[in-house]
Amino acid sequence: MTGNDASNDGGVPNGAMLVRFVDAVAGDDPGELTAARTAIAETMGGAALTDTAAVAALFDAIDRVADSTGIPLEDEKAAATDSWRAAIGIDDFTAAAEKGSGQ
Amino acid sequence: MTEISYENLPWPVRDDITAAQVRTWEKLGQPGTWLTGAERLAVAAEARNAGSCKLCAARKDALSPEAAQGEHDHLGQLSALEVEQIHRIRTDPGRLSRSWFQGLADQGMVEERYVETVGVIANLVAIDTFTIGLGLDPWPLPSAQPGEPSRLRPVAASRELAWVHTLPPQGAIGTVDEDLYAGRPTAAHIYQAMSLVPACVKGFFDLVVNQYLAPQAMRDFDNEFRAINHAQIELVAGRISALNQCVY
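Chains U and Z supply the protein sequences, listed in that same order. Residue 88 in our numbering sits at position 88 of the first sequence, and the numbers go up by one each step. Each number in our numbering corresponds to the 1-based position in the second sequence with 103 added.
It is worth saying that the hints were derived from the structure and are not from the lab. It is possible that some hints are incorrect.
To give an idea of the interface, some chain Z residues facing chain U are shown, with a C-beta separation under 8 Å as derived from the structure [claimed, not checked]:
| id | residue |
| --- | --- |
| 1 | 114 |
| 2 | 197 |
| 3 | 221 |
| 4 | 267 |
| 5 | 321 |
| 6 | 329 |
| 7 | 335 |
| 8 | 338 |
| 9 | 339 |
| 10 | 342 |
Ideal Cβ positions, reconstructed from N, Cα and C, are used throughout, including at glycine.
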C-alpha cells in the first residue's frame, strides 16, 4: 500500500497517498517528501495535509512515550487484536514479548 | 521569544494546533517538576542532535543495538547517562527494553528526571515532526526561564504497571493529583505512562487532544472532527507506529 495508486488504498480513501506521506516524513528523501506533500494538498486539500502531518507527528511522539516507559498493552486491547497482530507482523517487533504482544 | 506561527503557509493549520504548540513551547524553557528550564532545553537540544550521532546510526543499522559500541556525538551539556537515554529514545525507541532501562537505573539514573525527559522529548518530537512534514525548519528553542523545579512526587506512585513508577487512577483520588484523572477510576495505559510527573501528562495530552483527537471524538464514528476521517487518521497513526516498531 504505497505510492498514489488508488488500488492500493486498503479500503481507506486516499490510503496509499497518506501512507506515502508518512513514509516520506520518516524517511530521508526531501524530494519524495515534497512530492508526497504536494499530492495530498492537490488531491485532498491543504487542511487534510496539515491534519495528516499533525497526526503523524503526534504518534511519532506518543510511540516514544509508550516505548520508553514500558507500559504494556491493555488486556482488552490485546484480546481484541489477537487474531490479526501476528498476521500483520506486530508480534515480530522486538518489543512485542515485553509489552503484551506475541507472548 | 520564539513565536510559533503557521500564518504564512500555503495550507491552513487549525488554530487549536498552533495554540497547543505555542503553549508547549512556552513551557519547554520553564522550570519543570524535576528539571530546570535550562536542563529541559538541554534535553530538547540533545534530542535534536541525536539525529546526527554516528553511534546511533550504527546502532540503528545493527541487528542488536548493543552490537555497536562507542560514544555518542553529544553537545556536552548533559551526563553520559542522560545522553544515552535521550539518543536511544529519539533514534531507536522500538528496541528499548526493560534491561536497558534497568541498566540506566543501576548506573544512577533518577527515575523522576527520566520521566520528565521522556516528556520533553515527546513534546519536541510532536512539534518537530510536524514541521518536517510541512517542509519547515524546526522552530528555534525558547529561552530558559529562571526558577527551581517543584520536585513534587505523587504520594501514591507505584511500580506495578510499567518499567517506571506510575500513579494509578485509584491512587490519585483524594490527593493533590486527583485532577489528573478527573476522578475517573481507570485510564488508558498511555495516559498513565508519565504520571510519575503529572505535569508531563497534562502538557503532552494538550498536544494529543489538538493534533489527534479529544477522547470523546476518538470513538464517535457518527461524526468527523478533522479534514481527514477516522479511518484515515488511524491509518496514519498506525503507519508511523509500525515504522517506529511500536507495539503499543
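Verification of the supplied hints:
| no. | hint | result |
| --- | --- | --- |
| 1 | 114 | holds, 3 Å |
| 2 | 197 | holds, 6 Å |
| 3 | 221 | holds, 5 Å |
| 4 | 267 | holds, 5 Å |
| 5 | 321 | violated, 12 Å |
| 6 | 329 | holds, 5 Å |
| 7 | 335 | holds, 6 Å |
| 8 | 338 | holds, 5 Å |
| 9 | 339 | holds, 5 Å |
| 10 | 342 | holds, 4 Å |
Of the numbered hints given earlier, the model fails hint 5 alone.
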